[in-house]
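Visitor: Go by the hints and put chains B and C onto chain A.
Protein chains in written order, with this note's numbering: chain A, 21 to 575; chain B, 440 to 798; chain C, 3 to 252.
Note that these hints are calculated values from the structure, not bench results.
It is possible that part of the hints are untrue.
Said to hold, decoys possible - Simulated restraints on C-beta separations:
#1 B/P738 with C/K161: 25 to 31 Å
#2 B/S745 with C/P244: 37 to 43 Å
#3 A/A266 with B/L492: 56 to 62 Å
To be verified - Not everything, but these chain B residues come out facing chain A in the computed CB check (under 7 Å):
#4 L493
#5 F497
#6 K504
#7 G537
#8 V594
#9 K606
As the structure is a computational prediction, the values presented were derived from the model and not from experiment.
Each residue gets a CB set at the ideal place from its N, CA and C atoms; glycine is no exception.
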Amino acid sequence: MSAATIVTLPDQSTARIPKMNFLTKENGLLSWLLTGDHKRIATLYLISITFFFFIGGALAGLIRLELLTPQTSLMAADTYNKVFSMHGLIMVFFFLVPSVPATIGNFVVPMMVGAKDLALPKINLLSWYLYVLGGCMMIYTMAAGGVDTGWTFTTPLSTHYLNTNVASAATAVFIAGFSSIFTGLNFIVTIHKMRCPGMTWFRLPLFIWSNYAASILMVLGTPVLAIVLVLVVLERTVHIGVFDPAYGGDPILFQHLFWFYSHPAVYIMILPGFGVISEVISTFSRKRVFGYTAVAFSSVAIAVFAFFVWAHHMFIMGISNYSAIVFSLMTMLVAVPSAIKIFNWAFTLYKGSITFETPMLYAFGFMGLFTIGGMTGVFLGSTGTDIQLTETYFIVAHFHFVMVGGMLMSFLSGIHFWWPKWTGRMYPEKLSQLAALTTFIGFNLTFFPQFILGTLGMPRRYAAYPPEFQALNVFSTAGATVLGVGYLLPILYLTWSLKYGAIAGDNPWQATGLEWQTQSPPLTENFPEIPIMDHEAYDYEWLEKQQQKEVASVG
Amino acid sequence: MDHISPVLWQFLDKWLTHFALYPPEASKIAPEADALYFFMILISLVGLTLVVLLIVAFSILYSKKRHPKAIQIEGSTILEATWTIIPLGLFLIMFVWGALLYFRIYTPPANAMNIYVVGKQWMWKVEHPGGQHEIDALHVPTGRPVQLTLISQDVFHSFSIPAFRVKREAIPGRYSTVWFEATTPGTYHLFCTQYCGTNHSQMIGDIVVMTPDDFRKWLEGSTSGSSLAQDGERLFASLSCNACHNARPDARGPSLVNVYDSQLMLSTGQTVTADDAYLRQAILSPSQHITQGYAPIMPTYQGQVSEEGVIELVEYIKNLDSDYRVQQTLNTTDLVPEGQAGKAPTAGQKPAAQKEAKP
Amino acid sequence: MSDSTATANGAVAEVHHEHPSYQRHHFESVEQQFDTTNFAMWLFLLTEVMFFGGLFTSYLIMRNWYYPAFVEGSHQLSIFWGTANTAVLLCSSFTMAMAVWSAEVRRKGMLLLFLGLTFVLGIGFLGIKGIEWHEKWEKSHVPGLRYSEASFLNPASDKEVYKEYHDKPLAPDMAAKTEQYFFLYFALTGMHALHMVIGVGILIFIMVRAKSGAYTSGHVTFVENFGLYWHFVDIIWIFLYPLLYLISRY
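This is chain A alone, in the form it adopts within the complex (with noise of 0.2 Å):
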């Protein structure tokens, strides 16, 4: 190819999918149903959470259409209610928490550190059943009319004053806290236990470090979600409980409780599409990450201070001023760490050897949104200012440039980048660096509007508005469209892909992982024999070598 891009890509008219590999090994839905392997549940769960993504973006979409308005007139005010709650549950639990770990994270975790499979594999099968589990449980809560609690279950709204299906959906959610934990679970396990001979921590690919400690979070912080979800239906079917204040109880109790893990589970969120950028970073600017030691220890830092947080969300509710700024210092603390991931990676394009292919395109736009939207928290970090931006649309265009901007870009970024060697083939280039273009401008138009809605103090959750907002509301819903068809794209020619798309070899992109140094599609047990790693992560001096050994072994 041209000179601008490092695929590489074997001879097309000799070149074959190798015929044994993880989806031929065996046929049937059983050997699907019933696997062990690592790859094929992360396929299941790719299969699973697009299906959920779809729901939770048609949501989004009838959300978008009812706000063109100033009144209520797609929808009755109740229905509005039902979509949004549903939207931010499907999104948040069925969508975000598990999308990089589960799919891209299972995939290629194992080959990263060089196993076999991951350390518990019945777990790993296990955790894909309770989210289909949860998904069942939360499409009946759809079927059965929906709740409308907002995804944040606040108490006593959703304990005594609403009569729509919130236990279901507590329980749907519990059920796919469960799938988390033994996700986090099952990586902690295998970093610690499984790496192959040589493979020390810092050898480990970066991506391993932020999985690791989103697995961290996952472990720690989702436990407290579940016990809270128990105690909002145990309330609910009793009619007394811990949260009513009628019975000596407190609303505060259930805030406190669920930004517990609600807080960290943002971290759960963004940590592996951090994981994702420094991959991406790295393959195409053909350089070791910019300070390795300095982006390792920032996701164990964003861990451990992700815990700390949590009554940021509670700044006006009544805490105390000094407790408020204690979590508001913390809340500064803990944006530091991603500050400076965000300087490493700009660095590692410093002399580097940059190309431009659509994985890329994802990392640079997710570098500049994650940087608005960061910076948009530390606005909301800062008590005084969080007063005027709370509870407006300025923290939903926040958390929306932070996800969407941010992890949904990794994602996608992650997808494009792993196709290859989860499927064997690549996708068409030009096709998706305009789905990536597209994208990157739906995107900007749909969410950068909403925070000058909050800042004109219009508030979230609202199904109706006062009619001076109505234009920047118009202009977000149009970028909307945009945005929605630069994600329908993806799934068009992926699909397309997986027939028509060209073979790629084992190392397309030329890059130094172990996951790259196996056939593609792998192997069910990834590797021949296990490996040994001797060299640094991102060493394209030990790739060259190679590379020039199997030029002159084949020649």
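Guide: Same frame as chain A, now just chains B and C:
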């Protein structure tokens, strides 16, 4: 803010509000909040520009065509230190500035005029001490600090006035406060910003800021005939609080004259300030805090008194500076507390076995 | 290298090394398998600590706020049954440890004996819990479903408890808070009992497999890891017992 040219400030303010990018500044704290906000925007712009510049510049300078061979660089401790310390420093500035602003907004001054707000699904009930009642509206004068004492009757709500840059959650079960001083007459948005169910988006209203003269006229014109304290006095008598809290030497309950904001010694030896929250709790959950020297015999009024009723009682107690009228109401009512039938208190008679069973 | 062999033949010769039948294929050695699954179990128990942590936090806060109500509520619990349950669980932990030892020394008979004893003690615990809960139902101390504050407004009416503690009558608003105590009592003991039920269920599975010799031929991992779980459930009870039963008895 004195450091910023007033001309530039006016220009920014007018231009932003004209283009509806920013709410009007209608309170004393608004310009201070905006100053911090603009500082943050500035820093964000600088940060974003820096990051974008680095990405674009490096992408051009080091694209594969221009720079075919990458040079491996491990890192640079100096750079790491730089981009750790500078962001941390900037974030800490925002933290300190924000904390100062936060303390300002959530620490009402002593001379603030107090207005009660009860949030319920799906309306705001505003109670002026003079007995003016509003629904989904709040009239305030310019030039005077106004404190809002908020509570919710059912679920969480949030009282938000974007033009004043203030917002506070109305919490079921406890009071919360916020204060502001309005500066510009006009009508501004009032929103409920905490999702509270079906008609959350309808729980909106108007904040009407008036000049002091207009406000006085409005007060006179909208009064309900009795102030909150007078309503509270009526409630106090009808619930027979005066049977115990009558400032007599042999009274079963402590005197409430001038008790507001005083230091109370509890039976546990602890000292508390008898503020609004304490008074509310004393009415609804009295056995949690018992004044020293008194038996824990006060019944709870949970379920018998609405939040508005509690507000009226609190307002009454706040203004109670003599027991004269309490005594008066005692003589004019024959009401006896529950369980004490047959032992109607008469002046001079010492009730048997009082102050027994010290806790 | 490995990739060229893979694409060339399509089939890769699997290196066949000697390993016991119970060693899973993704592990390099039995030691790695044991080490890994053991670590995983400890990590899982850590998640359980966080899970119960939320309940304990709620309990501690409510007890701090409504101490008199919690004291009188706890007087309604039977110290006899609570202590009996504690003894039962401690013994069951002992028998479980003996079962693990039996598996390690490969003595099937002893293994089955100790597993059986643990099972019996576990069922005993659940039975006693059932008796206590039934008593709560009889005395109308089940929050939300069947609750009466009579025993707290007028302790003298509850002769057995009054004889032992001579409680003072609670003020009505404090008496209402006893329902919070019982809500947390049922939530805590109920969650604990659920974990016991799961434990007993797995114990049955282990006993069946033990009978066919699955754990007495060197593969102790499952029994050992289950032992960890059982001890953990026991430890939770060791915390519950003083918190719920022994409030004013320091």
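Visitor: Confirm or reject each hint.
Guide: Evaluated hints:
Between B/P738 and C/K161 the Cβ separation comes to about 26 Å, which falls inside the hinted range of 25 to 31 Å. One distance hint, 37 to 43 Å for the beta-carbon pair B/S745 and C/P244, holds here, with the actual separation near 41 Å. The hinted window of 56 to 62 Å between A/A266 and B/L492 holds, with their beta carbons roughly 57 Å apart. The beta carbon of B/L493 is positioned within 7 Å of a beta carbon in chain A (closest approach about 4 Å), and the interface hint is therefore held.
The beta carbon of B/F497 is positioned within 7 Å of a beta carbon in chain A (closest approach about 4 Å), and the interface hint is therefore held. With its C-beta approaching chain A no nearer than about 6 Å, B/K504 sits inside the 7 Å limit, and its interface hint holds. Checking B/G537 against chain A: minimum C-beta separation of about 3 Å stays under 7 Å; hint holds. Given hint, B/V594 at the interface with chain A, holds; its Cβ is 4 Å from that chain's nearest Cβ, closer than 7 Å.
Taken as an interface hint, B/K606 checks out: its beta carbon lies about 5 Å from the nearest beta carbon of chain A, inside 7 Å.
Hint compliance for this structure: every hint is met.
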